[in-house]
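Construct the complete structure from the given sequences, taking the supplied hints into account.
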Amino acid sequence: MSLSAETPTPTPIPPLKKRAPSWSDLWLKNTKPLKHVVLAMQLQSLASPSPTKDPHTKTKTHTLISSLSNIDRTLLLNDDILLKILSLLPTLFNLQGRLVRSLKVLDWEFLESGRLITRFPNLNRVDLIRGCIPAPYDSSIWLSHKVLSMPIDSVVSGFVQNWRICEENLLPVEIVDRGLRALSSGCPNLRKLVVIGASELGLLSVAEGCSTLQELELHKCNDNLLRGIAACENLQILKLVGKVDGFYNSLVSDVGLTILAQGCKRLVKLELSGCEGSFDGIKAIGQCCLMLEELTLSDHRMGDGWLAALSYCENLKTLRFLSCKRIDPSPGPDEYLGSCPALERLHLQKCQLRNKKSVRAMFKICESIREIVVQDCWGLDNAVFSFASVCRRVKSLSLEGCSLLTTQGLESVLLTWNELQFLGVESCKNIKDTEISPALSTLFSILKELKWRPDSKSLLASSLQGTGVGKKGGKFFKKSQSLKFLSND
Numbered sequence: 064m065s066l067s068a069e070t071p072t073p074t075p076i077p078p079l080k081k082r083a084p085s086w087s088d089l090w091l092k093n094t095k096p097l098k099h100v101v102l103a104m105q106l107q108s109l110a111s112p113s114p115t116k117d118p119h120t121k122t123k124t125h126t127l128i129s130s131l132s133n134i135d136r137t138l139l140l141n142d143d144i145l146l147k148i149l150s151l152l153p154t155l156f157n158l159q160g161r162l163v164r165s166l167k168v169l170d171w172e173f174l175e176s177g178r179l180i181t182r183f184p185n186l187n188r189v190d191l192i193r194g195c196i197p198a199p200y201d202s203s204i205w206l207s208h209k210v211l212s213m214p215i216d217s218v219v220s221g222f223v224q225n226w227r228i229c230e231e232n233l234l235p236v237e238i239v240d241r242g243l244r245a246l247s248s249g250c251p252n253l254r255k256l257v258v259i260g261a262s263e264l265g266l267l268s269v270a271e272g273c274s275t276l277q278e279l280e281l282h283k284c285n286d287n288l289l290r291g292i293a294a295c296e297n298l299q300i301l302k303l304v305g306k307v308d309g310f311y312n313s314l315v316s317d318v319g320l321t322i323l324a325q326g327c328k329r330l331v332k333l334e335l336s337g338c339e340g341s342f343d344g345i346k347a348i349g350q351c352c353l354m355l356e357e358l359t360l361s362d363h364r365m366g367d368g369w370l371a372a373l374s375y376c377e378n379l380k381t382l383r384f385l386s387c388k389r390i391d392p393s394p395g396p397d398e399y400l401g402s403c404p405a406l407e408r409l410h411l412q413k414c415q416l417r418n419k420k421s422v423r424a425m426f427k428i429c430e431s432i433r434e435i436v437v438q439d440c441w442g443l444d445n446a447v448f449s450f451a452s453v454c455r456r457v458k459s460l461s462l463e464g465c466s467l468l469t470t471q472g473l474e475s476v477l478l479t480w481n482e483l484q485f486l487g488v489e490s491c492k493n494i495k496d497t498e499i500s501p502a503l504s505t506l507f508s509i510l511k512e513l514k515w516r517p518d519s520k521s522l523l524a525s526s527l528q529g530t531g532v533g534k535k536g537g538k539f540f541k542k543s544q545s546l547k548f549l550s551n552d
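Quick note: the sequence shown uses this note's numbering, first residue 64, plus one each step.
Any given hint could be a false lead.
[Claimed, not checked] So the derived label-pair ranges between C-beta atoms look like this:
1) Q350 x S248: 31 to 39 angstroms
2) Q350 x K495: 47 to 55 angstroms
3) D135 x G487: 55 to 63 angstroms
4) K511 x S176: 55 to 63 angstroms
5) I144 x R164: 32 to 40 angstroms
6) K388 x G487: 23 to 31 angstroms
7) L314 x G487: 19 to 27 angstroms
[Said to hold, decoys possible] Cut-off 25 angstroms, straight-line C-alpha distance, at most; resulting in silico cross-link-like pairs (SDA-like, lysine to any residue):
8) K413 x S386
9) K332 x K413
10) K419 x S374
11) K302 x R182
12) K458 x N493
13) K302 x A347
14) K458 x D518
15) K388 x E463
16) K328 x V318
17) K495 x G442
18) K328 x R188
19) K302 x C351
20) K492 x V318
21) K255 x L385
22) K167 x R241
Please keep in mind that the hints were generated in silico from the structure rather than gathered at the bench.
Bear in mind that the values here come from a model prediction, so they are computed numbers and not experimental data.
Where is the CB? At the ideal position from N, CA and C, for every residue including glycine.
This is the structure we're talking about:
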């Protein structure tokens, strides 16, 4: 076997990729005037007396580079080139404006003058709330509410009875309607609109000019205004804000709800905030709006017995109560309540739940729900929470800020739910780790997800050792919004 001494062929070194020119390279390439500037700067630095040497002082090169970054490079361009660039700016602004789809109008004159349509011709989501409330000159005081915020004058002395500061500072109805006509003629593809202080004539112009309108939010709404909404046949998401204490006072009754139901039959989501009404209005919505899947009632003023009308909403899947001082003080006999067979979710947030009759009727109507969320509600004690035991199909329960509910009250309901898979308990100070019974511990062991933090001192992870929690391989324990898998020992 012979070995030939061959010189190994060296691996060719790949050519270095040429670095892409930076923005500064494009500016500094072949710019003779800039060389004169640099030369002048160097001569000036040589002529100036040299300062005392300091080890921390930057070198001349670094000083020169930092000085170059402060040079106004537009001085290198002659007038003809600058004029050419400026002539192209309207085209660039026009292209950029066509990409904008959503906008909040702060100055009403910007809309009425036509500049909004010219500047942003392809808008499909417009919020006019701030533009409808002129800001006082040089005002630094803001009045905020959950539905809107507005600047107020410093001359306001304080809250008085029947105070309606927003209503006193709104633009006149004629001006708002004129702006809506301009918007509808310039934005035919409008899909969402938020407005306050309009009339039915202004909404009719929007309905005629914007046939694709799908989402509408009306503040200071009343029955007459709903006549204009009825023309929006493709409307799917609607929020009506009637009365807001301290801001404005407006009435939405059964008359307006009936007009709404007969005109907007494609509604999927409906929110009634500060609205009045009764059994007849909700019944009309349930019978006409067959596609309604989500109903939200916020700070409602509904009359007695309205809760029974929910049974007419046959396809309703989500029911929400937000900041409601009452549910239904007089719901009537159980045989008239009925139920919502398709209902899956019940959410209660910042509501008064002290009336046992109304809470019992609410759970009776919602007996087929799969998810219950209760957050920061007043009056939810053991007796009130026990009414939830009629909901046998619950798979998810989330409790937050329910300080009156105890461990025993929670356990009495949980043990009746055989399909429960998720449990979340947060900031419920009367629910104690030390009061957890073996039956409740066994229930925890078969849950798919457990989020447990009733108070800041909760030590459930150590309290439930040896009870079987974590024995199901796919189950996990969630605490403080971080997932913690328990070992299978």
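request  = Quickly compare the C-alpha distance for K495 and G442 to 25 angstroms and report which way the hint goes.
outcome  = 19 angstroms, holds
key: Pair hint outcome, K419 versus S374 [Cα-Cα no greater than 25 angstroms]   = 20 angstroms, holds
ask   = Between K458 and D518, does the CA-CA distance stay at or below 25 angstroms?
value = With Cα atoms ~24 angstroms apart, K458 and D518 stay inside 25 angstroms; holds.
message = Hinted pair, alpha-carbon criterion (25 angstroms max): K302, A347. Please report holds or violated.
response = The given pair, whose Cα atoms are some 17 angstroms apart, holds under the 25 angstroms limit.
message = Next pair to validate is K413 with S386; report whether the Cα-Cα distance is within 25 angstroms.
response = It holds: about 5 angstroms lies between the C-alpha atoms, which stays within 25 angstroms.
key: Distance restraint evaluation - D135, G487, Cβ atoms, bounds 55 to 63 angstroms   = 59 angstroms, holds
ask   = Is K302 close enough to C351, meaning Cα to Cα at most 25 angstroms?
value = 17 angstroms, holds
key: 25 angstroms limit on alpha-carbon distance, applied to hinted pair K388 and E463   = At roughly 18 angstroms apart (the allowed maximum being 25 angstroms), E463 and K388 satisfy the hint.
ask   = Between Q350 and K495, does the C-beta distance stay in 47 to 55 angstroms?
value = For Q350 and K495 the Cβ distance comes to about 48 angstroms; the hint holds.
inquiry  = Range first: 31 to 39 angstroms. Now tell me if the beta carbons of Q350 and S248 are that far apart.
reply    = 35 angstroms, holds
task = Would you mind confirming whether the straight-line C-alpha gap from K328 to V318 stays at or under 25 angstroms?
result = At roughly 16 angstroms apart (the allowed maximum being 25 angstroms), V318 and K328 satisfy the hint.
request  = With a cut-off of 25 angstroms on the C-alpha distance, tell me whether K458 and N493 pass.
outcome  = Given that 25 angstroms is the threshold and the Cα spacing comes to 23 angstroms, the pair holds.
When held up to the earlier numbered hints, the structure conflicts with 7, 11, 20 and fits the remainder.
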